[in-house]
Structures are given as C-alpha cells and as structure tokens.
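*Asks:* Fit chain B to the known structure of chain A by using the hints.
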Amino acid sequence: MRRLIGAAAAAITLLAADISAQERMAIITESGTPVVVTELLLTVGPTNELAADAGLAHLSARSVIAPIQMVIDSLGARVSVLPQKDALSISVIAAPDVWEVATEKILKAVFQTPPDSVSTIRQRQAIVGELRGRQANPADAATREADRHFFGAEHPWGRSTVGTPESVSSLSFADVRTFTREHFTRERARVAVLGPVDAASATEHLRPLLGAVSPAPVEVEPYVSALNRVRRDYNSVTTWVSVSFRFPESGDEEAIRFIAFLAGEELSFSPSQRSVYNVSTTVEPRIGSGELRLQVVIPPEEASDWAERVESIVPGLLARSMPADVFAGHLRRYYGDRLIKLLAPEDRAHAAVRQLLVRGETDVLVPDPTLLTQDRIRAAARSLARPTIVLLGPTLEK
Amino acid sequence: MLASILLIASTMVPGDSLPFPRLERAVSTIPAAVVLHRQPGLKVVSLRLSVLANDPPGYAGAGHMIQHLLYPSLKERAARVGGQLQMQRTSDAIVYTLTGPASELRYMAQLLTSTLSPAAAPVDAILRAERDLREERLAEWETAPSHARSTLRAQLFPADISAAGTDRSATRLTASALPRIWADLYDPENVSVVAAGDVYLQDVQEAFADLPSRSGAAPLPISRDSVVLGSLAPAQATRGWIASAYLASDQPPAAVNVAVRLLGDRLRRIVPNAQVDAEHWWTHHGQAAALIAAAPQPDLTGLRRAMGTVVAALLEDVSFLQVTDAAAAIRRELLFYSRTPARMTDVIGQFVDREGDAEALERFYNDLDDLDDRDVRAVLERLIERTPARIEIPPQTLRTR
Numbered sequence: 000m001r002r003l004i005g006a007a008a009a010a011i012t013l014l015a016a017d018i019s020a021q022e023r024m025a026i027i028t029e030s031g032t033p034v035v036v037t038e039l040l041l042t043v044g045p046t047n048e049l050a051a052d053a054g055l056a057h058l059s060a061r062s063v064i065a066p067i068q069m070v071i072d073s074l075g076a077r078v079s080v081l082p083q084k085d086a087l088s089i090s091v092i093a094a095p096d097v098w099e100v101a102t103e104k105i106l107k108a109v110f111q112t113p114p115d116s117v118s119t120i121r122q123r124q125a126i127v128g129e130l131r132g133r134q135a136n137p138a139d140a141a142t143r144e145a146d147r148h149f150f151g152a153e154h155p156w157g158r159s160t161v162g163t164p165e166s167v168s169s170l171s172f173a174d175v176r177t178f179t180r181e182h183f184t185r186e187r188a189r190v191a192v193l194g195p196v197d198a199a200s201a202t203e204h205l206r207p208l209l210g211a212v213s214p215a216p217v218e219v220e221p222y223v224s225a226l227n228r229v230r231r232d233y234n235s236v237t238t239w240v241s242v243s244f245r246f247p248e249s250g251d252e253e254a255i256r257f258i259a260f261l262a263g264e265e266l267s268f269s270p271s272q273r274s275v276y277n278v279s280t281t282v283e284p285r286i287g288s289g290e291l292r293l294q295v296v297i298p299p300e301e302a303s304d305w306a307e308r309v310e311s312i313v314p315g316l317l318a319r320s321m322p323a324d325v326f327a328g329h330l331r332r333y334y335g336d337r338l339i340k341l342l343a344p345e346d347r348a349h350a351a352v353r354q355l356l357v358r359g360e361t362d363v364l365v366p367d368p369t370l371l372t373q374d375r376i377r378a379a380a381r382s383l384a385r386p387t388i389v390l391l392g393p394t395l396e397k
Numbered sequence: 000m001l002a003s004i005l006l007i008a009s010t011m012v013p014g015d016s017l018p019f020p021r022l023e024r025a026v027s028t029i030p031a032a033v034v035l036h037r038q039p040g041l042k043v044v045s046l047r048l049s050v051l052a053n054d055p056p057g058y059a060g061a062g063h064m065i066q067h068l069l070y071p072s073l074k075e076r077a078a079r080v081g082g083q084l085q086m087q088r089t090s091d092a093i094v095y096t097l098t099g100p101a102s103e104l105r106y107m108a109q110l111l112t113s114t115l116s117p118a119a120a121p122v123d124a125i126l127r128a129e130r131d132l133r134e135e136r137l138a139e140w141e142t143a144p145s146h147a148r149s150t151l152r153a154q155l156f157p158a159d160i161s162a163a164g165t166d167r168s169a170t171r172l173t174a175s176a177l178p179r180i181w182a183d184l185y186d187p188e189n190v191s192v193v194a195a196g197d198v199y200l201q202d203v204q205e206a207f208a209d210l211p212s213r214s215g216a217a218p219l220p221i222s223r224d225s226v227v228l229g230s231l232a233p234a235q236a237t238r239g240w241i242a243s244a245y246l247a248s249d250q251p252p253a254a255v256n257v258a259v260r261l262l263g264d265r266l267r268r269i270v271p272n273a274q275v276d277a278e279h280w281w282t283h284h285g286q287a288a289a290l291i292a293a294a295p296q297p298d299l300t301g302l303r304r305a306m307g308t309v310v311a312a313l314l315e316d317v318s319f320l321q322v323t324d325a326a327a328a329i330r331r332e333l334l335f336y337s338r339t340p341a342r343m344t345d346v347i348g349q350f351v352d353r354e355g356d357a358e359a360l361e362r363f364y365n366d367l368d369d370l371d372d373r374d375v376r377a378v379l380e381r382l383i384e385r386t387p388a389r390i391e392i393p394p395q396t397l398r399t400r
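Protein sequence lines, in the order shown, are assigned to chains A and B. Just so we're aligned, residue 0 is where the first sequence starts under numbering that gives the first Met the number 0, counting upward by one. Just so we're aligned, residue 0 is where the second sequence starts under numbering that gives the first Met the number 0, counting upward by one.
Okay, chain A solo, but in the shape it has when bound:
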C-alpha cells in the first residue's frame, strides 16, 4: 500500500477552517424543469494525491460509480464524474419520479460500498486509453503547461487532475480502496439538488445519506505563479497563448466574468483580425483565490505580438473609459451570453454547488447586470495580479 497523505499533508494549509456552521446542502426548487439534478461535490483531488499517484481521485470516483452504472441506466438516469483542481463532482440527472432512488444509490456507492477490483481495473484501462488518445491534443498540452506555470510544477494543482497514462497505470486496486476509505467521506461532501422538488422533503431525503457531520476543512496549498513569460516548444501548426491572472477570494466575481467576456470579444476573429483561430476564457473562483484565464490560438509567427496583446487587455480596461452606449451594448450581450451558459440544469447545479464550496452559501447564479458599472469593472481589473503567460507551439526563431 502506498503512502498517500502523510507527505502531501505536511505542506497543506487549512483554509476556511472554521466552517462547522457552513451549510452543506443547497436545494433549488425549479417548478418547470423536467428533471432533477443532484450534484455531489467532494473536496478531494490532487491535493490528496502524491505526484506519482496523479489521477487517483478521479479513478476512485469512476471505480465506485461503475458497479452501479447498470442500475442507474435502468432508471433512465445519467451520471457523470468531473474532476477539478479542488474537488470532484459527481452529477446525477434523473426524472422526478426516480431522482431519490438514483441519488441514494450514488451516495451509498460513494460513502458506503467499497469499490470492487474488476470495476477498478476496467476503469483504469479505460482512463489510460482516454489519456493516451488525448496525448497529441494541443489543447490539453496547453492546459497542462498553463497549470504547471500558474500553480507551480511542485504544486498539486500544477499536475493534471486526471493524471498521466503512466501514473494511472501504476495505481493498484489497493490504492483505490484505501483512497476511497480515507477520502470519500461525508465530511467532505456538499450537495446541490435542482429541479421540481419540494425543498423540505429533498432535505429530509438527503440528511440521513449525508449524515450529521461537520464539514471537513478544505485543504488548499498556497501557490506561487511564474511571472516571466514561458515558451514551450510543441510540434503543432498553431501556437497557444495562455494568460492567467489570479484574483483574490474576495474579488468581484461578476465583474471579473465581464472582463473575461470583454477580452473574449476583443480577441475574437473579425475582419480586421483574421489570424485568430480560437479564443476561450474561463473564470474559476476557488477557496483562497480564483483564476481568470484567457487563451488564444494563433499562427506561430504572431505568437509574441499576441502574447503582448492579451497581456495588455487588462491595463487597457483600466486606462480608458467606454462611452455609455457602448458599455450598455457590451453589457446586454454579456448578460445573454452568461445566461446561455447556464441553460442546462446540470450547469446550474454545478454553479450552485461551487458557490456553496467557495462562499459557503448559494446566491443568485446570474446577478442583475445593471449593477455592473465601469467603476466596478476597473476595480475588479485592479484586483487582478500580474499574469502568468505561457506560449506553446513550434519555435520559429533561430
């Protein structure tokens, strides 16, 4: 059996330690939604793994779900596992008449039933196959490099949350059994239920399954981001520029999302900007601090220019003031775009349970956009730290 936690735990800082009063459940009643989504968030991930065991949390989650997959299928429900840096999500979508049964099966599988060896080995093979299939994917490589330099190569979050083919291949059934016993515990759980449910009866249903325990403190290791521009050689026909800004836990999340939206609009393909192949923006609030990441895919010969361009977006926002009608136009588009991203109930349940984790409570998922002002945007831009810039692509200069 491997040493799992001892070494890793030494460097961990316990943040939000006094959270015994924190609510662990969010029940969101939506009368017209045709399905019920239950999202279980376990505060377990790379922080609880050794570097050599990267991907253990993900494999463990899939191994406990696999044996009951057929039962879930027979109920017409869907289950999926999403590993994140600071937590692991297990999402169940079920019809209103079977959501309680489906959720009960999943929660019992996670907290009570030890994984079986056959499922573990099959899942390990499946994950290794998936990882090998994606090794040549430049998008994955760009994310890996950006993570490594934003969080630091030695930081658990600097590693891939799903591990590598080598690390996952080396994991044994005993590793998974020990990991689930030690980490898949009710103290680490937060749950959001969203759909046509009665809040009181949903709470009654979940309470015994989650147990009367206080939430465990969330383990977050402080990280130091690279501040020099990083270039990584990669055999592809495009270059991927990732620019990651850290923002404080108390940062204005909605204003930062608007900044990401403005950046996305400014960097996107247009008749005057024909060389942009793709643009993506993400905002990840986490306990301790959050991250705004901008990523553009461009021709390799324009890499340096684009890195400067992306980096200059935030200072640009601080330097200028938009005419009121232009700002209102952006805000109108932003609000629609923000809502569209939450159209699926599983996305809303995920957003709600993330709020529960980071803020300790759930709030309106999309606040009133009219409350966003240019002053708020500038204040949010000022709260962003100096970015980590990573360029991944072929080296052209000699």
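Hint data in this document are derived by calculation from the structure and do not stem from the laboratory. Treat each hint with caution, since some may be false.
As the list claims (entries may be wrong) - Mimicking DSS-like on lysine-lysine, the simulated pairs with C-alpha atoms at most 30 Å apart in a straight line are:
{"id": "1", "chain 1": "A", "residue 1": "Lys84", "chain 2": "A", "residue 2": "Lys107"}
{"id": "2", "chain 1": "A", "residue 1": "Lys340", "chain 2": "B", "residue 2": "Lys74"}
{"id": "3", "chain 1": "A", "residue 1": "Lys340", "chain 2": "A", "residue 2": "Lys84"}
{"id": "4", "chain 1": "B", "residue 1": "Lys42", "chain 2": "B", "residue 2": "Lys74"}
{"id": "5", "chain 1": "A", "residue 1": "Lys340", "chain 2": "B", "residue 2": "Lys42"}
Unchecked claim - Just the calculated beta-carbon pair ranges, DEER-fashion:
{"id": "6", "chain 1": "A", "residue 1": "Gly328", "chain 2": "B", "residue 2": "Gly215", "range": "38 to 46 Å"}
{"id": "7", "chain 1": "B", "residue 1": "Gln395", "chain 2": "A", "residue 2": "Tyr222", "range": "50 to 58 Å"}
{"id": "8", "chain 1": "A", "residue 1": "Met69", "chain 2": "B", "residue 2": "Tyr336", "range": "18 to 26 Å"}
{"id": "9", "chain 1": "B", "residue 1": "Tyr336", "chain 2": "A", "residue 2": "Ser213", "range": "36 to 44 Å"}
Bear in mind the structure is a predicted one, so any value in this text is a computation, not a measurement. Ideal placement from N, C-alpha and C gives every residue a C-beta, glycine not left out.
*Replies:* Frame of chain A; chain B shown alone:
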C-alpha cells in the same frame, strides 16, 4: 385584440406517476397559436416560431433557401442580446428558435416576426444560399446511413421531398421568384409560437400580436414537382449497411414508438457486433418504423437474417413488462432531452406542427403510460403484413492492380 383569449391550464391524468411539466396554451384572435411552458428557473426564454408549410409544387427547397438567406442577419441581431439562433426546415414547417434573456422578449419576438416578411435578396446572397442547399442535398446521400434514410423516405413518402429541394427546383429559386413563392406558402393562420422560460403567456401573445398579413399571391408558373427516387451520389461505406422501413401511418404513435424501441433492442442483442439505429419517423406525411444497421462483412449474413425475422421474433414473445419498461424509458428520455428551454420548445413544437394541436404531446406522453403488450402486438402484426422499403449498401473495397 386579445379579448377572446382562452387560457387553458392542462391537467395531469390522475395517478400519473411521471407527469410532463405543465403547459399553458392560448387560442386567441391573433393569428398565431401560442403555447408556453413556464420555467422560472433561469431568466431566459426560448421562442420557437414555426410556419406550417409545404414548398409550392415545383419549388421544393424554397422555404429552406429563404432561411439560408435570412440566417446571417438574424444571427448577428440575436448576438446583440447574447442570444442563440437555430433554424430548421422540417417536413412539417419552417422553424426558427431563438434563446436569450427573458428581459429581451419583445426584441426577440420582433426578430422572429421579421422572418415572416423576408426582404428581397441580392444575387450574391442567392448564389451563396443555392450553393449551401446543393451541399445539403449531396450530404443527404454521401454517407451510408443518410443515404439509406433518404432512399427509404423517398420510397415510403414520395411527396416528402428533401428540405434542400432538388437540382431541378433549385433552378427556379431566383431572386424574382422567391417573393412570389413566399407569398404562396406563408399564411399567418399557420404560424405557431412555442415559448419555454421565465415569461408569462400574455406577454408572449402581446409580443407576437403583429404578424404580417398574407399578401395576394400571383400564380406560380410551375405547379408540379419532379420526384427524385434515384440517389444523387454513391454512398461511402466502410461496413455493410442494411436498412428497412415499414409504413405505419394508421397505427397509434405511442405504440409504434415503443415497438420501434423494442425492435432496436432486440436487433442489438441478436447481432452484438452491429450498429443499430431504430427510428420512428413521424411527420404530417405519415409514420414509419425504420431499422438502419451496419456490420462488418463477416456479420452481414447474420444481420440480413436478423433484419428479416426481427419483427416476427418480437411478436412471438413480447411481454407486458418489456412494453411498460420501454414506455417508461421513453418518457424519461423525453424529459431528459427537453431539459433546456430550446429543446423543450423543440419537443412541444414538433407535436404542435405535426398534429396542429397543443395537447398532442401530453396525449402521446399519457398514451405511453397506458400501453400494454397487446398494443405493441397489434403494431407488429400490421408491420408483418406489409412489405418494407429496403436498401442494402455493400462495404467499399480497395481495388488492387
């Protein structure tokens, strides 16, 4: 204007274990029938506007071409409010679906209403749309599964010409002809609006109160279609494909739907190496049960035999439990599929377009709950009596010198 609005709140069948979410409907003096599924979870609304129309004879593809002409401008205008636009030409209707903030209901309704009075298109736009339609026509025949579907549909429903039209009709879709064609196929009485989201029925009705009226249509010079029964292109296939489809227009849709599902499940069990799609085709032209399957060369004989006997084999041992399980699964899948507002409007809208009746979806949904094995047997017996449309596409082989 809206004085004679009759608001009906649908009720569930007593004892129904899995009700479909409540729909609100309005039958009003405004031309469009309006159906609302109120979903206050998120401040968005999805609006689906459909115009029931067959392309005029001789001008197949006209409705879809007009959609192509309008699409770039609609998409750009939808983006101003962060909205998402989809367009669809079904066998029943010309459909636009727009999803965006509920606070933009009026703007979105105006945008959709503008599709009912399409402006004259410049020649370059016509040429682009013509090219897009040609690509769509060829794509329908290019790969083996779509080739099989097109062939079977042409045999079962010859009047249901491809939404992309035909090469012959495309030559008639000119800039000068399109306004006359639109005048021929548009009638405000055939417009339906389905909304899902955080809005109220009365607001939706008011937003769509001003639909353009029908203009006097000059007669079109051509009045018949040349039906194409042959394929437009050879199919690409790396495996062998066998497909068959049975006409089932006179059968109850819920029973056909369950029968199709059971046929697919059975076929997958008998030939585990095969890829099987079992489909219930249902438009205002009629219904059919279609089985489309592919298998590697060594399994083709087994697949052929299984396809030929699967209806009889199922008829022999279909059980009550199988039927009720399949019906429950279909009901749950319907709920799962319609979990976003746009898909909810799509599901409701398809029933409204096809049946012309806002209660059709709930009827179908409740019929599923009442089914037993006798209903499915009746469908299977009728299928056995009929000769199915059939096509077989052999796998392509490399020629060696």
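*Asks:* Does each hint fit the structure? Answer for all of them.
*Replies:* Hint check results:
1. Lys84/A with Lys107/A: Between Lys84/A and Lys107/A the Cα gap is close to 24 Å, so the pair holds against 30 Å.
2. Lys340/A with Lys74/B: Measuring from Cα to Cα gives roughly 17 Å; hence the hint holds.
3. Lys340/A with Lys84/A: Given pair Lys340/A, Lys84/A holds - Cα atoms ~21 Å apart, limit 30 Å.
4. Lys42/B with Lys74/B: Holds, at about 21 Å.
5. Lys340/A with Lys42/B: Roughly 12 Å between the alpha carbons, so the hint for Lys340/A and Lys42/B holds.
6. Gly328/A with Gly215/B: 38 to 46 Å: holds, 40 Å
7. Gln395/B with Tyr222/A: 50 to 58 Å: holds, 54 Å
8. Met69/A with Tyr336/B: 18 to 26 Å: holds, 21 Å
9. Tyr336/B with Ser213/A: 36 to 44 Å: holds, 40 Å
The structure shown violates none of the earlier numbered hints.
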